[in-house]
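Chains as they are written, first to last, in the working numbering: chain W, 1030 to 1416; chain L, -8 to 417.
Calculated from the structure, these hints are not laboratory results. No experiment lies behind these values; they were computed from the predicted model shown. In this text, a Cβ means the ideal position worked out from N, Cα and C, and glycines have one as well. Check the hints yourself; a few may be wrong.
Claimed, not checked - Covered stretches of chain W (in silico footprint by chain L; criterion: 3 or more residues with CB under 8 Å from a CB of chain L, positions within the stretch not fixed):
1. 1089 to 1102
2. 1299 to 1308
3. 1401 to 1414
Unchecked claim - Negatives, chain W to chain L, calculated, CB over 10 Å:
4. 1153
5. 1321
6. 1332
Said to hold, decoys possible - Keeping only pairs whose Cα atoms sit at most 27 Å apart, straight-line, the calculated DSS-like set for lysine-lysine is:
7. L:27 with W:1311
8. L:27 with L:241
9. L:131 with W:1070
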Amino acid sequence: MTQPVPPTPSAPQAPQQPLAPTLPPVLPPTLLAVAQGPAPKPTGDWLAQTGRMTRWTLFLAWRRVMGKVLTSLLIGLFFVVVAVIALIYFSIANIQVNGGSTCVPVQTTAPAATPGQGGATSVTCQAPTPAQQQQQQQQQQQAQQQAADSFRDSVLLFPGSLMVAGTYTSYLGVLFICILAGALVGSEYGYTVLRLSISRGVTRAQHFIGQATGLAVIALIASAGMLVLGALLGVTLGPLLGGSLLAPSPRGIVEILGYWLALSLNLFAYAALAMCFATLAKSTAAGIGVSLAYVLVELVATTTLLGIGTAMTLTGNTAGPFVQHIPDWFMGNALGSLRQYAGAYPYSLAIGSPSMSLTQALLVPVAYCVILLGGAYLIFRRRDITE
Amino acid sequence: MSIPDTSPVAPMAPPANPANTVNTVNTEEVILRARKLTKQFGSRTAVRALDLEVRRGDVFALLGPNGSGKTTTLRMALGLILPTDGAIDLFDSDISNPDLRAQALRRVGAVIEQPAFYPFLSGRENLHGIATFSGLPAGKATNARVELALAQVGLASRAGDAYRKYSLGMKQRLGIAAALLTNPELMILDEPTNGLDPSGMAEVRGLIMQLSQRGITILLSSHLLYEVQQVCTRAAIIREGILLAQGNVKELLGAQNGIIVGFDKPEMLFPAVQALQAANQPWLRGAVYARPELGAWAPPGGWLLQVDAPAERASEINAILNAANLPPAEVRRREPSLETYFLSVVNAALPLVGSVAPVIPNTIPFAPPGSLGAPTGATPAGYAPYPYTSYPLYAPGAPQLASPPPAIGPQTSPTSTTPPTQGGPA
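One chain only, chain W, in its complex shape:
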């Protein structure tokens, strides 16, 4: 009987087993067919790939919890605003009309003290008769109803309801798109996923344009969605409250389309602002923070400059008008004027009147977008993508 020889450390090792078999033992037939068939090959030109990047940006916006939360908030708060408006309408329409005036003015003329002179005329107060009281109440009720109807027609009935949706979107929508754009762009750096696309052959131009186009589509969809929501409100709640719908005129449809585009540009310009700073600082916080801060600073600066300019004008300072017009070069004010131009006639979808020419109202935001996105791209295209 031979004793087994214990292996020594210097003993030659047995040949290594292959670490993995050459063929998988089990693969579903469908997968096996794919595995043995040709692999899909890249297709499409530069534009097609940029389109894919745009769709990917939209997909990311939708798949993020933030995207869903912001969308829900935008819609939910809109219904809250509509509910408040409806309450205001009901309060206007249902204010208790009191018994009317207790004084019916009666003009009396006293006899002349001196012949040839007219007597003194005075107005005295007499208690109204019941018929007069009823008439007064009816007049007040009519005026009240007219005010309520006018209010309803201007904000709760189509197309006036579009004005509510548009104005609401131009404020809250701007805030939300700043948050979404800052998060979408900044998180590419935060999650260090930028390298996924760039190292796969996506050019930096395609990546950047895909993101910007994605945000533009989001702006178009968000403004369209809110206007559609406003329109639905106007054709449902308005008639329910007694309003009479008018068939939209072709000119009115053109106005709505123009207003939609102006509103979309409004959202996109602020998204570009957030995208720019998120790219420059490689940070979500910077994108969101700077863009929201700009909204606030622009508001304060506009108010301040208008006040100073008005005061200077009133005191005869010739620089007053110049100071008053400085805010016309702010992005938000130009966008406001653009919305006012787009929504002026026939439906009056925008409140107020523009403070600058249409050309300026259009060119200023476009110039902002070009500078913000162009500057960010110039940095991005030469930037090293590190951790």
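Once you've looked at the hints, dock chain L against the given chain W.
Chain L only, in chain W's frame:
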């Protein structure tokens, strides 16, 4: 990590390039060439005038200590970092041109450092993203491809889970699946075994071998030199962005072959060299003073003799020395090790002056066989590899011999030692 018994490579369809198969690999075709590649971050130079050549079919290891510029180099190859100077040709396209770069990168799969994916998307959605970036058309073929990649790395059952819920090993596997998704001709793997357990490391090693067998060229960086030695065919070592060595792994390690002789008395070293020279054997090509490997027996004085001779001649060397009344305390063959070689190259006290890279022999720091004792003009001053700190000492026919080395303790830092007087031919 435990990848199921499915080969991550075998089921993949053949590469698009018909030349990219096992039997028809054109190993002379350079598919990645770095030319005087330089990258500066502010005042710091991360990569200096680096010249690399990765040929089709290579499993090419880029080695270097932390901060040596490996990842920067790989990122430059992927277009993530733009070179300050120099250029990279990928598939014969200069990737400084964005359009050419985009075309070339579609033939590359990469896992750079820790895989990064969108944490709120599932593994499947992330792979669809990779397919989108790679230009694959949306449709059944791409969907099936994604499912196949997930199945191959054992993530099919967790494909719908958010990436942030994955373990480190699963994340690494998803990274490999992403790299394989498009049948790349070149795979760039930066620390591919990071975060993997030993089983996972072995599987990645197997994966790399199989990829290579299929003709896929691999460019990888790793600190696991044992792993690298198992799989790599060629290697380059860089330190502080400078190329120290580049070449075929077998050739690089071949220079380490030899026989180590140790003595109980340091004064026996020099007579031993004389005795070996006097033996005048054709297979006895030369000898150098060497220092012991880390953890190996250190003789008194701290120096060993490394004889450049076939390993099977150890007993004859022993006999020669015994005949000269110089009985060695140790005679053993020296096993080539990439780790040892790496340490000897990287720990060399190279003077780095300015941004000019010193001229380093492209093969090995040791004198090539047959020329030991002949100082090479290409070896820079102060070049002192460790632990095989070797000083050319003897070569057949050399008119003079070196004096014995000074006594050095084995624990002494190599950078603080005074090398023995250089001898050799006058």
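Exercise for the section: Identify every previously stated hint that the structure contradicts and give their numbers, smallest first. Expected result: Hints 2 and 7 are the ones this structure does not satisfy, whereas the remaining hints hold.
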